[in-house]
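K.L.:
Input sequences plus hints: build the corresponding full structure.
What follows is the residue order along each chain.
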Amino acid sequence: MAADDIWILGIRMTKFGKHPDRDTIDLAAEATMAALADGGVTMGDMGILAFGNLRGPSTGQMLQKQVGQTGIPVFNVANACATGATALRTAIMAIKAGECDMGLAVGVEKLAGAGLLSGNAATSDDNVYEPSGRQGAVAALDGRIGTVTMPGVFAQVGMEYLYNHDYTGAEFELFARISQKNHAHSTLNPLAAYTMEMSLEQIMGDVMIAYPNTRSMCSANCDGAAAAVVVSGEKLRTLSAEQQARAIKVRASVLTSDPWQEACQVLPDVNTLTRAAAKQAYEAAGIGPEDLDLVELHDCFATAELVHYDNLGLCEPGGAVDLFESGATNRNGSMPVNVSGGLESKGHPIAATGIANVWEVCHHLRGEAGGRQIEGARMGLAHVIGLGSACGVHILESASV
Amino acid sequence: MGHGVNGVKVSQIPLVDYLELGDAPHLVAQECMSCAARYFDRRNACAGCFGTEFRSVSVGTEGTLRSFTIVAHAAPGVPTPFVAGVVDVDGTSVTSNIINTPPDPEHVRLGMKVRLATHVVGTDSEGTDAIGFGFEPVEGD
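Chains as they are written, first to last, in our numbering: chain L, 1 to 401; chain W, 1 to 141.
In case anyone wonders, no lab produced these hints; they're calculated from the structure. Glycine included, C-beta positions come from ideal geometry on N, C-alpha and C. Treat each hint with caution, since some may be false.
[As the list claims (entries may be wrong)] Here chain L is said to cover these stretches of chain W; the calculated rule only asks that three of the stretch's residues, wherever they fall, bring their Cβ under 8 Å from a Cβ of chain L: (1) 20-31; (2) 62-70; (3) 96-106; (4) 122-129.
[To be verified] Counterexamples of contact, computed for chain W against chain L with all Cβ distances above 10 Å: (5) R42; (6) R55; (7) T92; (8) S93; (9) A117; (10) V138.
P.N.:
If you want it as structure tokens, here you go:
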């Protein structure tokens with residue numbers, strides 16, 4: 001029987017950071033065991049495993065051998081930086097379809113010390129020019145016709161927003177202050193890779209990667225894993241009062257790809273698909289952005305956070321700078337954004353990110369976030385973007401079964 | 001093809017096939033016959049309207065800088081810093097480096113007027129020059 005309500009029963013992320021002595025299976029297993037324990041269930045209760053590890057080498061089947069092999073279907077998913085959200089969405093879809101009543105979604109990555117994640121493979125020019133590839137290139141194009149590095153791509157995403165909205169202020173400082181906010185938030189998150197408050201001078205004076213993004217304005221490459229147990233409402237109602245009390249309702253689970261737009265072939269469009277995902281999610285949840293108590297959004301770079309204020313409808317169209325300048329997105333503001341410290345300080349172990357941000361929101365909705373608790377949080381939104389592009393949006397609520 | 005010193009032929013090849021050389025170098029796009037969406041590579045069907053017929057069209061050589069970044073850290077072997085940007089050429093977006101200007105935010109500004117310029121990006125062992133393109137600031141802007 002198809003489920004019409006879905007809940008997060010157990011969820012957990014590992015400490016993000018450097019784990020030199022542990023492999024992806026160790027990290028995935030830690031998150032999995034913790035999520036199962038959090039939900040009061042075992043691998044024997046799971047009807048599906050959706051697993052993401054974008055850069056390898058592990059699979060869901062390898063995880064099963066570490067924590068429990070039961071013969072359930074495994075979906076190994078890959079969707080760029082939205083891989084974790086895609087795994088979660090896959091498990092949710094299986095339950096919605098009535099294939100099972102409980103499922104596990106896991107994302108893991110080891111990225112510490114990985115450096116630039118695109119543009120690393122600079123090819124040497126051929127000895128004799130010969131056109132090749134889809135554009136008949138006779139030599140390597142990165143750096144000759146634009147950039148394919150992520151810091152450079154997302155720098156252009158943020159700068160384009162400023163151009164489209166006639167911003168005349170100090171752009172570098174604006175983006176650096178967004179990063180400053182998230183680094184300040186991270187000091188309260190013991191699971192973040194970096195928990196150091198940074199001054200504006202430190203951020204702007206850090207190593208320039210791709211103007212206006214300095215190193216501390218880029219997501220931190222690190223190791224980490226996150227796992228979530230999802231359950232149908234019908235099944236949840238048969239579980240204990242304690243399990244029911246801590247379960248978090250999934251009010252919306254949405255995945256979109258980028259529809260065609262002029263210019264999307266020359267600069268990836270991370271806006272239209274986020275707007276579409278947000279619209280679908282708000283409609284599915286029957287709420288509006290004004291009903292949210294906190295948002296974890298995909299600040300893979302400081303320049304990205306700004307555009308997603310607008311894309312997620314947290315401000316009036318074109319009003320992202322004003323929203324930020326008002327202080328609303330600070331943890332003590334009216335629309336706290338990235339109280340975990342965001343990808344810039346919490347870290348971005350790619351496939352783990354789309355579950356870890358859901359964990360952060362659930363942590364607050366359960367009232368268990370300790371020193372960084374957003375008081376009275378009832379409703380939250382988690383957003384990720386995978387370039388290419390994929391967008392995952394989950395809306396979560398602290399609700400009674 | 002051009003002629004170098006002493007009449008020795010110097011051959012040229014464009015860096016990409018959508019750059020047309022000659023007396024007035026310009027970019028060439030594949031335009032959807034149904035909805036006029038433009039692409040700088042081949043498509044089986046238009047990503048916007050699914051039309052399957054395309055024609056080659058010349059893209060203008062002057063435009064407006066709609067976004068940019070100054071890349072300071074790139075893959076090994078890629079010279080930095082360089083400016084990468086998106087140029088709006090009468091509604092057609094082009095990705096390009098911004099060249100012939102210092103790569104700093106005092107000289108590169110959102111909304112500045114730019115125009116196509118070509119330059120030699122390298123020479124192979126047979127003496128053929130690869131000709132690339134960039135957009136440079138229009139003087140006086």
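K.L.:
Now, for every hint given, state plainly whether the structure supports it.
P.N.:
Hints and how they fare:
Three residues within the 8 Å Cβ limit are the bar, and the segment 20-31 of chain W against chain L gives 0, so the coverage statement is violated. Under the rule that three or more residues need a Cβ within less than 8 Å of chain L, the assignment of the segment 62-70 of chain W holds, with 5 such residues. Counting residues of the segment 96-106 of chain W whose beta-carbon sits less than 8 Å from any beta-carbon of chain L gives 3, enough to reach three: the coverage restraint holds. With a threshold of 8 Å between beta carbons, the proposed coverage of the segment 122-129 of chain W by chain L holds, since 5 of its residues qualify and at least three are required.
Separation of R42/W from chain L is inadequate, the least Cβ-Cβ distance of about 7 Å not exceeding the 10 Å criterion. Every CB of chain L lies more than 10 Å from the CB of R55/W, the least distance being 17 Å, so the non-interface label holds. With a least beta-carbon separation of about 8 Å from chain L, T92/W fails to lie farther than 10 Å from that chain, contradicting its non-interface assignment. Once the 10 Å rule is applied to beta carbons, S93/W is inconsistent with being away from chain L; the minimum gap is 4 Å.
Against the 10 Å criterion, A117/W stays outside the reach of chain L, whose nearest CB is about 13 Å from its own CB. Listed as a non-interface residue, V138/W keeps its Cβ farther than 10 Å from every Cβ of chain L; the least gap is roughly 17 Å.
Going down the numbered hints, you'll see the structure goes against 1, 5, 7 and 8, while the others check out.
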